[in-house]
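> Residue-level listing of the chains:
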Amino acid sequence: MTALLVGAGTTTAEPPTTGRRRGRGLLRSVGHNPKALAGLVLFLIFCVFAAVPGLFTSVDDPNALQFPPSLPPSAEHWLGTTALGQDIWAQLVYGTRQSLVIALVAGLFATLLAVLIGVSAAYLGGIGDDVLSFITNVFLVLPTFPLIIILATYAGKGTLLVVLFVLVITGWSYGANQMRAQTLSLRNRDFLESARVRGERRSYIILVEVLPTMTSLIVAGFLGAALYSVLTAAGLQFLGLGDPNSISWGTMLYWSQNQQALQTGSPLWSIAPGLCVALLGTSFALLNYAFDEVSNPALRPVRRVRVKRVKQ
Amino acid sequence: MRFLVRRLGFFVLTLWAALTINFFLPRFMPGSPLDALRIRTKNQLDPVALNHMLTAFGFKPNANAFEQYIDYLGNMLTGQWGVSIGATLGEPVRTLIAQALPWTLGLVGVATIIAFLLGTLVGMVAGWRRGGMFDSALPPIFVITSALPYFWVGLLLILVFSVWTNGFLPSDFNYDSDLLPEFSAPFIANVLSHAILPAATIVITAVGGWVLTMRNNMITVIAEDYVRMGRAKGLSNRRVMIDYAARNAMLPNLAGFAMSIGFVIAGSILVEYVFNYPGLGYLLYNAVENTDYPLMQALFMLFTVAVLVSLLLCDIAIAWLDPRSRAKG
Numbered sequence: 002m003t004a005l006l007v008g009a010g011t012t013t014a015e016p017p018t019t020g021r022r023r024g025r026g027l028l029r030s031v032g033h034n035p036k037a038l039a040g041l042v043l044f045l046i047f048c049v050f051a052a053v054p055g056l057f058t059s060v061d062d063p064n065a066l067q068f069p070p071s072l073p074p075s076a077e078h079w080l081g082t083t084a085l086g087q088d089i090w091a092q093l094v095y096g097t098r099q100s101l102v103i104a105l106v107a108g109l110f111a112t113l114l115a116v117l118i119g120v121s122a123a124y125l126g127g128i129g130d131d132v133l134s135f136i137t138n139v140f141l142v143l144p145t146f147p148l149i150i151i152l153a154t155y156a157g158k159g160t161l162l163v164v165l166f167v168l169v170i171t172g173w174s175y176g177a178n179q180m181r182a183q184t185l186s187l188r189n190r191d192f193l194e195s196a197r198v199r200g201e202r203r204s205y206i207i208l209v210e211v212l213p214t215m216t217s218l219i220v221a222g223f224l225g226a227a228l229y230s231v232l233t234a235a236g237l238q239f240l241g242l243g244d245p246n247s248i249s250w251g252t253m254l255y256w257s258q259n260q261q262a263l264q265t266g267s268p269l270w271s272i273a274p275g276l277c278v279a280l281l282g283t284s285f286a287l288l289n290y291a292f293d294e295v296s297n298p299a300l301r302p303v304r305r306v307r308v309k310r311v312k313q
Numbered sequence: 605m606r607f608l609v610r611r612l613g614f615f616v617l618t619l620w621a622a623l624t625i626n627f628f629l630p631r632f633m634p635g636s637p638l639d640a641l642r643i644r645t646k647n648q649l650d651p652v653a654l655n656h657m658l659t660a661f662g663f664k665p666n667a668n669a670f671e672q673y674i675d676y677l678g679n680m681l682t683g684q685w686g687v688s689i690g691a692t693l694g695e696p697v698r699t700l701i702a703q704a705l706p707w708t709l710g711l712v713g714v715a716t717i718i719a720f721l722l723g724t725l726v727g728m729v730a731g732w733r734r735g736g737m738f739d740s741a742l743p744p745i746f747v748i749t750s751a752l753p754y755f756w757v758g759l760l761l762i763l764v765f766s767v768w769t770n771g772f773l774p775s776d777f778n779y780d781s782d783l784l785p786e787f788s789a790p791f792i793a794n795v796l797s798h799a800i801l802p803a804a805t806i807v808i809t810a811v812g813g814w815v816l817t818m819r820n821n822m823i824t825v826i827a828e829d830y831v832r833m834g835r836a837k838g839l840s841n842r843r844v845m846i847d848y849a850a851r852n853a854m855l856p857n858l859a860g861f862a863m864s865i866g867f868v869i870a871g872s873i874l875v876e877y878v879f880n881y882p883g884l885g886y887l888l889y890n891a892v893e894n895t896d897y898p899l900m901q902a903l904f905m906l907f908t909v910a911v912l913v914s915l916l917l918c919d920i921a922i923a924w925l926d927p928r929s930r931a932k933g
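Note that the protein sequences, when read in sequence, are chains U and V. Per this note's numbering, the first sequence starts with residue 2, numbered consecutively. Per this note's numbering, the second sequence starts with residue 605, numbered consecutively.
Worth double-checking, as some hints may not be accurate.
[Claimed, not checked] Residues from chain U that face chain V, not an exhaustive set, calculated with beta carbons under 7 Å:
#1 F146
#2 T154
#3 G236
Keep in mind the hints are simulated off the structure, nothing from the lab. Model, not experiment: these values are computed from the prediction. Using N, Cα and C, we set each Cβ at its ideal position, and we do this for glycine too.
Could you put together the complete structure from these sequences and hints?
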């Protein structure tokens with residue numbers, strides 16, 4: 002989870018220069034960056050699993066207790082069966098959807114909230130800024146995971162909505178802080194000054210002038226929030242605070258722990274879903290790190306820098 | 605001085621906000637703690653004792669919300685945290701926390717500091733020797749380790765070092781149950797052997813973030829004029845790396861350290877749960893499982909205080925290391 006801290010000092014320190022042209026270069030550099038490519042491929046694989054799980058397994062209802070329990074891996078059951086008699090591979094495939102949806106939806110809303118609060122804090126200035134940044138800082142320091150656990154308990158364990166809600170509530174503050182810092186550094190740039198002199202409305206300036214220059218920061222914020230959501234949701238479900246009847250990696254981990262899978266000789270039951278969580282998390286982390294390299298040229302792999310020096 | 609006063613002000617305000625959230629959460633959420641308490645204690649406590657417990661919990665059925673709130677704030681700050689209404693019914697929350705606290709401090713505290721120091725050191729060297737073997741292999745590895753779920757690393761370690769090796773290292777509890785806590789070599793060795801796997805879990809998952817930030821900071825700092833000046837003065841490579849570059853590159857890491865305490869607490873809950881380690885995180889898990897509201901509230905406050913105190917300490921450390929932050933006032 003400390004991956005969220007990566008690039009704390011770098012992204013804010015390197016304000017992007019121009020808007021649209023930069024965006025296209027950004028995409029191209031991602032294509033050339035092996036880390037980004039690896040992350041993207043991983044992510045797309047999971048997307049396919051989530052979209053059409055039926056293609057990868059013949060089991061229709063992965064939660065039904067329809068097989069002999071605790072079978073070792075075989076041609077029929079690639080990863081064996083659980084102590085309850087479910088096919089582990091099928092559960093894994095069907096579980097992708099929920100984990101992915103949680104990551105993307107929670108990441109998206111947390112980022113929206115971060116942009117909204119961060120940018121308006123910087124733009125309002127004065128008391129408005131003081132209040133909003135105080136709220137941001139409070140949420141930043143509040144120990145989120147205990148808060149999530151407690152929230153989930155009070156709100157009634159289970160439903161996906163509760164999990165999403167608590168993830169968004171606790172996941173936005175880090176991004177908001179960065180957005181605010183970035184907007185503050187942009188505020189007095191010439192291109193915004195000229196927009197103001199042209200008499201553009203505030204909403205226009207924010208939407209059309211400010212936000213596009215912050216694309217890379219917003220994308221990085223989204224990836225960070227998605228990573229945070231994947232790991233936290235899995236942890237929450239692992240502790241049994243999700244819906245125990247849902248099909249997701251975290252729920253699989255919960256049941257395997259519940260049935261002492263490690264100690265009773267079916268380690269794949271808990272290792273496989275954990276590996277999936279780790280891989281999805283890794284794909285977000287790799288993309289995030291690559292974005293950092295793209296937006297901060299000083300961090301790019303050193304060979305390219307040397308070539309540049311020779312040319313000079 | 606003004607700097608410190610401002611930070612202290614933030615400290616107090618944040619603590620107040622956390623306590624307030626803590627107070628209002630159960631009152632806005634469905635499922636009253638009061639009901640949980642009544643159901644749980646139905647046949648075990650007479651109404652007088654129940655009332656006493658409710659009062660200790662901050663509930664005064666007859667008082668208005670404001671009065672309850674003031675009482676609650678006072679109770680929380682003076683350490684009157686009430687009694688447990690969970691599985692350990694009737695046990696003072698303070699006793700429960702006092703029992704668990706040393707284990708968490710010893711395990712999670714030490715592991716976090718090891719991870720921080722190790723990560724900063726590795727990041728320093730990697731950033732200093734740009735493009736060396738060390739530098740090109742490490743970042744991708746640490747990007748991956750920092751995205752691993754805490755509990756999964758714990759499960760893997762249990763599988764490899766405990767299940768597959770017939771209990772080479774113990775995988776749960778803080779010490780063997782047939783030992784008596786005493787200050788002797790075998791007991792301490794036993795405690796340490798029980799701490800190895802959970803501590804390794806925390807170090808493995810936490811170290812990556814420190815390496816990456818430190819490396820990136822080093823790379824930014826190396827281009828600074830004062831590093832070049834250090835070299836021009838003919839100082840040894842090592843002196844420039846540590847006293848000129850690393851000292852400055854460390855500042856964002858230090859600020860991040862305080863923030864990371866929150867993540868560490870999250871990790872400790874999961875790690876202590878996986879390893880059945882009787883620390884604060886495990887206590888919180890049990891409190892949640894048994895809807896033990898007083899215990900939850902006290903723990904949440906403690907966690908918040910832990911983050912805030914580390915934030916304050918890091919601020920002081922930064923002020924000490926970085927004259928600029930002192931001058932700003």
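> Give a verdict on every hint.
Results for each hint:
Among the interface hints, the one on F146 of chain U holds; its C-beta lies about 3 Å from the nearest C-beta in chain V, closer than the 7 Å criterion. Contact between T154 of chain U and chain V, as hinted, is supported at the beta carbon level, the nearest pair being about 5 Å apart and thus within 7 Å. Annotation: G236 of chain U was flagged as interfacial toward chain V, and the flag holds, the nearest CB pair being 5 Å apart, inside 7 Å.
Figure legend: structure checked against the earlier numbered hints; every hint is met.
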